Each structure stands twice: as structure tokens, then as C-alpha cells.
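In terms of full-length UniProt numbering, the sequence shown is residues 1 to 114.
Please keep in mind that the hints were generated in silico from the structure rather than gathered at the bench. In this text, all values refer to a predicted model and were calculated from it rather than measured experimentally. Glycine included, C-beta positions come from ideal geometry on N, C-alpha and C. Mixed in with the good hints, there may be bad ones.
[Said to hold, decoys possible] What follows is a list of derived Cβ distance ranges for each label pair:
hint : residue 1 : residue 2 : range
1    : Ala85     : Leu50     : 26 to 34 angstroms
2    : Thr61     : Phe34     : 33 to 41 angstroms
3    : Val19     : Ala44     : 14 to 22 angstroms
4    : Ile47     : Ile82     : 29 to 37 angstroms
5    : Ala45     : Tyr71     : 32 to 40 angstroms
6    : Tyr42     : Ile82     : 36 to 44 angstroms
7    : Leu29     : Val88     : 42 to 50 angstroms
8    : Ala44     : Glu13     : 44 to 52 angstroms
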Amino acid sequence: MALVNRYMAHDLELCGIIVQNLIKSQQNLNKLWFLVEKVDGYFAATIFLLFIHNGLCIVYTVNWAYLRVIYEPKYTTQMVLIVFAFIVILIQFKMEDVSLGALYATQKLFGKWN
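Could you build the full structure based on these sequences and the hints that come with them?
Here it is, written out as C-alpha cells:
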């Protein structure tokens, strides 16, 4: 019986240590979230303005490209080639080894530009 009581006391002591560590962790997490909230309050307006500015730049760029395709058809081949080059570059970064098809397409693209 004394052996069982000793194990129970040891288990209760471990539970107390675990509870204390959990309370400390919760307090540290509370401090961290308080700091995050402070930083968020400090940078909220600037981040919002940056988000709006970048969104408008994207919209204006797409609108410019769309209008240029409609009203200036001689530039459509250049824009198609630019998009094609961008896709080829993305494919090169996506693949782990160098593919001969992408290299051939790039060579043809440079042949058209020159």
C-alpha cells in the first residue's frame, strides 16, 4: 500500500509540474499575441494602403494589356511572345531537370525576336 501511495504522490507531483508548465506556456502565448496585436495596429494602415496600391496596379496593367490587344493589333504577337517566354521560364523553374522541349521552345522564341 505504501508503494502505491508513493507512485500516486509521484504522479500528482508530475501533474502539478505539467499544469505549471501549461500555465507558463499560456502566459507566454498571451504575451506573444499581445505583441502581434500591437504590431498589427501599428502597421495596419500602411499594409492596407500597400494592398490597395498593388491591387490597383495589377488591375491597371491587365486593363492596359487588354486595350492594347484590342486597339493595337500589331503588338499582339509581341505580347503573346512575352507571355510564352514567361510560361517557358515558369516551366523551367517548375521542372527538376532541364527538358529539351522547353529549350527548343526557347530557342524558337529567340529566333522570332531576332
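Taking the hints in turn, this is what the structure says about them:
no.	hint	in the structure
1	Ala85 / Leu50: 26 to 34 angstroms	holds, 28 angstroms
2	Thr61 / Phe34: 33 to 41 angstroms	holds, 40 angstroms
3	Val19 / Ala44: 14 to 22 angstroms	violated, 37 angstroms
4	Ile47 / Ile82: 29 to 37 angstroms	holds, 31 angstroms
5	Ala45 / Tyr71: 32 to 40 angstroms	holds, 38 angstroms
6	Tyr42 / Ile82: 36 to 44 angstroms	holds, 40 angstroms
7	Leu29 / Val88: 42 to 50 angstroms	holds, 47 angstroms
8	Ala44 / Glu13: 44 to 52 angstroms	holds, 46 angstroms
When the structure is compared with the earlier hints, a violation turns up for hint 3 alone.
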